[in-house]
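Participant: Chain residues, written in single-letter form:
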Amino acid sequence: MKLFSKLFHQFILRHLVRERMRSIATIIGIALGIAVVLAIQMTNASSLRGFEKAIETVSGRTSLEVVGTGLGLDEGVVTSLGWLRSYGQVAPIIEGEAEARAADGRRETLRVLGVDILKDRSFREYNLLEFGAAEPTPQEFLELLIDPKAVVITEKFARRWGLKTGDEIELTFADRATRYRIRGLLLDEGPARAVDGNFALMDIAAAQWALGRLGRLDRLDVLLGDRKSLDQAEEEIRRRLPPGLKVQRPARRGAQVEKMLEAFHFNLAALSYIALLVGLFLIYNTVSISVITRREEIGTLRAVGVTRGRILGLFLAEAAGLAVIGCGLGLGLARGLSYGAVRLTATTVQSLYIATAATPEPLGMRQVLLAFGIGLPLALLAAALPALEAARVAPMAAMRGHDRLASRYRLKPILLLGPLVLFGLAWWMAGQPPVQGLPLFAYGSAVSIVFGAALLAPAVLYGLGRIGDRVLFKLFRVEGRLANANLAGSIPRLSISVAALAVSLSMMVAIAVMIGSFRETVIYWVGQTLQADLYLRPATRNNVATDAPFSPEVEQIVAGHPEVAAVDRFRNFDLAYADGLVTIGTGEFQTLLNYGSLQFKEPAEPEAGREAMRRAIGQEAVVVSESFALKFAKQRGDAVTLDTPRGSVVFRIAAIYYDYSSDRGILVMDRGTFNRYWGEPQATSLTVYLRDGADPDRVRDQLLARFGDQYRVFVFTNKTLREEVLRIFDSTFSITYALEVIAIFVAILGVASTLLTLILERRRELSILRLVGADYRQVRKMVLIEAGMIGAVSQAIGLLIGLLLSLLLIYVINVQSFGWTIQFHLPTGFLIQSSILILIATVLAGLYPARAASRLPATEQMAEE
Amino acid sequence: MILNLKNVRKRYEGGESVVEAVRGVTLSLAAGDFVALMGPSGCGKSTLLHLCGAMDRPSEGELSIEGTEIRRLSDDQLTALRRQRLGFVFQFFNLLPTLTVRENIELPLLLSGAAAGESARRAGELAERVGLGHRQGHYPQQLSGGEMQRAAIARAIIHRPALLIADEPTGNLDSGNGEKVLELLKELNRDPGLTILMATHSNETAAIASRLVRMRDGLIESEG
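Residue numbers (numbering that gives the first Met the number 0), protein chains in the order written: chain A, 0 to 864; chain B, 0 to 223.
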């Protein structure tokens, strides 16, 4: 061991320090790879953790909660639940969101909790700044909140906004802006910790009024006495609850959200591993360079008695050393990257899934273990090949340099068997169904395609080497011939670089084609579906989850406008369905049929779809989104059982329509049907059709003028809504591009280091060239042509494999993850542009190696002899 | 005069130590000379070959090739000189393994910017002349040692150099093949009258030269 560490110090460490540029490049590659993986993991965890933490902190000591089905529960029902008190204490809760608005235009969303303060004290801790360490008595608290315009906010938020007790704050609930007086400041404890201090407490009656939900509660929190176990109590309460009510643990809401985000997170994580893969390729390269440049030294070591095993160990230790530093740096970098990733994913998570003030998870033992647990073994694996090569160096031959005489690569046909088997496997796996909602087989298929393509790289290079001479000689004369001959002679070493770059590029191509296709599909769908002239939503309803209905006055103003022909009052809310959440929507089918348009999947014929919808009016029938049908394997005519306030009801699927607004599954029913089970719905969005000849912009301005300062409503014209849809779409995929840029950057770093490897390996040939009269410009030109060829070949393979992967993404992975049908569309412009860019980037990456090659002295050859 | 050395010295400085490999050599080669350079290992003959081959500049003294003093030439000019006026043959043949025999032979011409057709034609002729007409499409690894060295000689003379530098051209060949290579060199010396400077350890090899120069400790020990 002592000898080993001495050898490691003298033989490996000193070399790494001497070759510090290369060592640093490798470490940066690994660090970036690891950092991206960790950042995505932390980002994914953060969007969930933000939500779970909010549930946890707001739930306090609550053991169980009684909830309604979708729209909360009627206060009237609560009176019949007196028996609940025999299990412990019961407190009614209403929760919602408000937008705080400052005079300077600053806005932030607050989570508002409406409680019955007398009952709530046992559930949650409320420590007010004014009362110091002591909690206020219920009486004191009641006095603070008794005024319907009173609110208690957190000290943290107040400090940020420069507010103090007694100040006024403008809060907008749904579309209503009201000024509230701050009656107290909560210390950073208990529920006040939720959503980073963006929390407000109100009396339950005031909150019901503010949220426009008079007579309704969100849930009843239950704090069990000691008498019974949680399981037993939950079971008993479940049995005694009337239809339409459910008992659950607070954590259940977190689990539902987790389920909802699972596919989104899984896909991001899969993408992040590409960066790591490319980082590991750098390890392979660095250890290869070490071995190549020091064959003589290895030979000497072997000659003086160092065993093969020890040589192997030394080079593996080099990889391990680089990986440890890379992982360590990666951990540091991950924190910064995760802030960027959270920012990039926040719009997606918030516009499609949940409202949460996400901050990245702090670095913990989990990340440290993950970094080293992934980075180290994979680095050793990457280094295994060159380390074995080092161990095989024969003592005398290496010292004389004889074993370096390159032999020409011969393609053995048996090598084509591997790719064929892998492509066959990929084909089979692409046809398999998802596993628990995740496209595991499809990803297996993608991995098979990628590895198949990687194994095909030698054959492609071999083929090109055979035909390349003619073309390159014509284009670049003798330098072209030499470049082609060099590459054809280095196929085994080159194949790995080309494969790594091609894999990175193929992912870029695949993702670009997928996003391009998706974007085109969405543009088409928006064009087909968005037919109305104006779309209205309450100011605080900024995402799908917020329950913020319109004020009746707003609805009246809209309906009363002389140029409005029809208004479709749409309402949606979340409903628990099969372990997750789906969206229930209701609108006026007749209005939609008269004025609007849906794109039907089943029945495919538009007129048949409209007829199916017409027949669903008044029936126990729903029209469902494609994502719902695919996720839950439902077809037209199938039955869906939903929990309603009147118990479980079976609805028939009348039609399936295309929808790209959300992947969670939407079931829409006619207003009449909805009324029978959930009661008269308040609208959460209004779709307005104007009379012929009306100017949407003018009507919008007139409506906004009527709403004045009192009602805060967003009014989109058809044009602005289309723009908004595409804005959300583009921001959703910004993270994908960011990950790709990193992967390609690392891959280009790889090309530079591969070329450097090849040049070191070919020192002998390069000095022969210089001897027979090649000047440094010719050598430089030759290396740059090689760099360009590596780029061109990689991009060509990348394009081909990328197209295959994009088909997999579009037709399998997307369908299985999100339930969306995407029409294939080739973003030709982008692909041409990126191909040229990659070619330029690889040629630039060849500049340093080219300089190094042209500086090799002509005498090196003879000096050795 | 093809090659003219006057009191040439070459020093190598490595850290604190200074090694003087060539310590004042004066030597001339006229057109058509065939000079064998002999001496024990470390005597400085490799360094002298580097200098004569315009791969390096002397530290002191004068060295001219066809009247051009090389100490005043830039790297680019040295490269051009090598490309146009010098040819090299080595012990380990040093053909480029990724090029065919014909491609190896025509390389110097192509690097000088000659037309592809003309280069190919001359390479073909030379391949025939060195007895490799039937091997032009083969790669070096497919040849015997003697064949490789003959290909290397063809490459070294395709651009009609003024001087051929040969460093142990038979050092890695069996006696049969060695003789054939020497025969070829001799023939080239006769027609077209190629000037040759050849380093060797072997008295037998040196015997075919018209002049013998012995070196020891960086100096010419004897000449005759």
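Bear in mind the hints are in silico, worked out from the structure with no lab data behind them. Every residue gets a Cβ at the ideal spot worked out from N, C-alpha and C, and that includes glycine. Possibly wrong hints are sitting among the right ones.
[To be verified] Pair ranges (Cβ atoms, derived): (1) A:835 with B:186: 50 to 58 Å; (2) B:218 with A:839: 30 to 38 Å; (3) A:16 with B:73: 28 to 36 Å; (4) A:474 with B:83: 41 to 49 Å.
[As the list claims (entries may be wrong)] Computed footprint of chain A on chain B, listed as stretches where at least three residues anywhere in the stretch have a Cβ under 8 Å from a Cβ of chain A: (5) 72-85; (6) 103-111.
Participant: State for each hint whether it applies.
Facilitator: To see whether the hints hold, each was checked on the structure:
{"no.": "1", "hint": "A:835 with B:186: 50 to 58 Å", "in the structure": "holds, 54 Å"}
{"no.": "2", "hint": "B:218 with A:839: 30 to 38 Å", "in the structure": "violated, 56 Å"}
{"no.": "3", "hint": "A:16 with B:73: 28 to 36 Å", "in the structure": "holds, 35 Å"}
{"no.": "4", "hint": "A:474 with B:83: 41 to 49 Å", "in the structure": "violated, 26 Å"}
{"no.": "5", "hint": "72-85", "in the structure": "holds (count 7)"}
{"no.": "6", "hint": "103-111", "in the structure": "holds (count 5)"}
The structure does not agree with the numbered hints 2 and 4 stated previously, though it agrees with the rest.
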